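Heads up: the sequence lines are chains A and B, in that order. Heads up: take any position in the first sequence, counting from 1, add 44, and you land on the numbering used here. Heads up: take any position in the second sequence, counting from 1, add 46, and you land on the numbering used here.
Pairs of lysine-lysine, DSS-like flavour, derived with a Cα cap of 27 Å: (1) A:Lys-133 - A:Lys-214; (2) A:Lys-119 - B:Lys-203; (3) B:Lys-203 - A:Lys-150; (4) A:Lys-133 - A:Lys-119; (5) A:Lys-214 - A:Lys-164; (6) A:Lys-119 - A:Lys-67; (7) B:Lys-203 - A:Lys-133; (8) A:Lys-164 - A:Lys-119; (9) A:Lys-214 - A:Lys-67; (10) A:Lys-113 - B:Lys-203; (11) A:Lys-119 - A:Lys-150; (12) A:Lys-170 - A:Lys-150.
A few chain A positions that, by computed beta-carbon distances, are all more than 10 Å from chain B: (13) Ser-64; (14) Glu-69; (15) Ser-77; (16) Gly-97; (17) Ser-107; (18) Pro-109; (19) Lys-214; (20) Glu-225; (21) Asp-226.
Worth flagging that the hints you see were computed from the coordinates, not collected in a lab. This structure is a prediction, so every number in the text was calculated from the model and none was measured. We put the CB at the ideal spot given by N, CA and C, even for glycine.
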Amino acid sequence: MRRRQKVFGALEVLKGISLSVRKGEVICIIGPSGSGKSTLIRCINALQPISSGSIQIEGIEVSDPRLDKLALRRKVGMVFQQYNLFPHKTALQNVMMAPIHVLGQKRPEVEARARALLAKVRLAGKEDTYPGELSGGQQQRVAIARSLAMRPDIMLFDEVTAALDPETVKEVLVTIRELAEDGMTCLLVTHEMNFAREVADHVYFTDRGVIVEHGPPETLFTAATDERTQRFLSQVL
Amino acid sequence: MQAIANWFQQLYESTGLNFSVFYDAYDWDRYLGGLKMTLLLSVTTILLSLMIGAVGALLQGSPSMLLRLPINAFVVVFRNTPPLVQLFFFYFGLGTMLPAVEAAGMRVPLLSNVQWAIISLSLFAAAFNVEIFRSGIEAVPRTTIEAAEALGYTRLKAYIHIVLPLAVRVCLPALNNNLVNLLKTTTLAYAIAVPETLYAVKQIWSESQNVLEMMVVLLATYGILVGVLVWLMHRWEQAMRIPGYAR
Numbered sequence: 045m046r047r048r049q050k051v052f053g054a055l056e057v058l059k060g061i062s063l064s065v066r067k068g069e070v071i072c073i074i075g076p077s078g079s080g081k082s083t084l085i086r087c088i089n090a091l092q093p094i095s096s097g098s099i100q101i102e103g104i105e106v107s108d109p110r111l112d113k114l115a116l117r118r119k120v121g122m123v124f125q126q127y128n129l130f131p132h133k134t135a136l137q138n139v140m141m142a143p144i145h146v147l148g149q150k151r152p153e154v155e156a157r158a159r160a161l162l163a164k165v166r167l168a169g170k171e172d173t174y175p176g177e178l179s180g181g182q183q184q185r186v187a188i189a190r191s192l193a194m195r196p197d198i199m200l201f202d203e204v205t206a207a208l209d210p211e212t213v214k215e216v217l218v219t220i221r222e223l224a225e226d227g228m229t230c231l232l233v234t235h236e237m238n239f240a241r242e243v244a245d246h247v248y249f250t251d252r253g254v255i256v257e258h259g260p261p262e263t264l265f266t267a268a269t270d271e272r273t274q275r276f277l278s279q280v281l
Numbered sequence: 047m048q049a050i051a052n053w054f055q056q057l058y059e060s061t062g063l064n065f066s067v068f069y070d071a072y073d074w075d076r077y078l079g080g081l082k083m084t085l086l087l088s089v090t091t092i093l094l095s096l097m098i099g100a101v102g103a104l105l106q107g108s109p110s111m112l113l114r115l116p117i118n119a120f121v122v123v124f125r126n127t128p129p130l131v132q133l134f135f136f137y138f139g140l141g142t143m144l145p146a147v148e149a150a151g152m153r154v155p156l157l158s159n160v161q162w163a164i165i166s167l168s169l170f171a172a173a174f175n176v177e178i179f180r181s182g183i184e185a186v187p188r189t190t191i192e193a194a195e196a197l198g199y200t201r202l203k204a205y206i207h208i209v210l211p212l213a214v215r216v217c218l219p220a221l222n223n224n225l226v227n228l229l230k231t232t233t234l235a236y237a238i239a240v241p242e243t244l245y246a247v248k249q250i251w252s253e254s255q256n257v258l259e260m261m262v263v264l265l266a267t268y269g270i271l272v273g274v275l276v277w278l279m280h281r282w283e284q285a286m287r288i289p290g291y292a293r
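Go ahead and model the full structure; you've got the sequences and the hints to work with.
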């Protein structure tokens, strides 16, 4: 069965956005600053309330006032631009915290999983290092592992490479690509056009709160029909 | 021990400087009793004021007006009035209104003067701790809390595991100051006849007529007690330092 995750919205920042994501799909959202890209994905895990419209994630209605936020956030992982790791905990502890505190899982089991996840994001050996001692790229990979530890069905990436040094951008992108190849459903807000082109199944271009145009990357990047998309792409590519 | 006692006895006989606590077993016991009481007051009020302060700061940041309002009122009342007046209010005001209880064949007040002192001083210091913790909480980046929320943390769990540990690190210097003040403020319990160090020493100097000498002992006692507290707080601060975490 194909589960369908729908995102509809009508917000002040976002004025009537409608998009749907299938399980295992990788969606990239591109567009100029202030176009509502981040707002859009922050609405999906209810970090930002929506004023009208509907967002459904595997049967959970996000706009429901009695929304079970925990149930939603177990399904939806999120990685931020500024990593937002917990600075007082080591890399391993950062990954282990939520499954233990939020899901009440057993420590030994969580620790084994956390170590495996850190190895997966190529940070084996950094388990006992504090975020402040890691590079931006390493911190961001810890943040990805931390999110994966909750075993989400969908991962949201909010400009996760925007704060990184150019040389560390790649290591984070490699991690995300591997995730996508493993079949994780991913929604990325990104400025990495080449990356979007490479990994996305579908690319959305947003401007001033609306989706101007969308399509498979090969179409959108080479044969954009809307004038705003063309102008944006000519500036960034 | 005997050598020290002899030395102070000799000092008294040759110079007239009468440090009776160091050679007179009776005075020494009274002094020690006072010291123990001061330690009891300090440790309990420090712990209680920290707990009330942490809970108060959590409630103060709550979205509900109903929770915020009482905390703000509490802070205003206890910060804007003198601690000695508060102590009198609790002991003479509230204390006399509570029913007496039967204990060992005697009718005694429900709460003793020591208990009232602990309650009163804890609340006094807690009002300051609420504000101190708040300053620390406000220094925790909103985005860090958001990350916790995105991982499914409730407000309370995020507060316990992430916000409070980070906030405490930020506000330790201010907390340090308030706890030092609290330790010294325990001397106010003297006013409701709690036999703490000041009370005990006062009794000694009234009987042995050695005000100056006992004053020196008293000041040195508090100087050392505060020194130990500051040292402990400093150790705590060091233990909580996060590698690579520059503010």
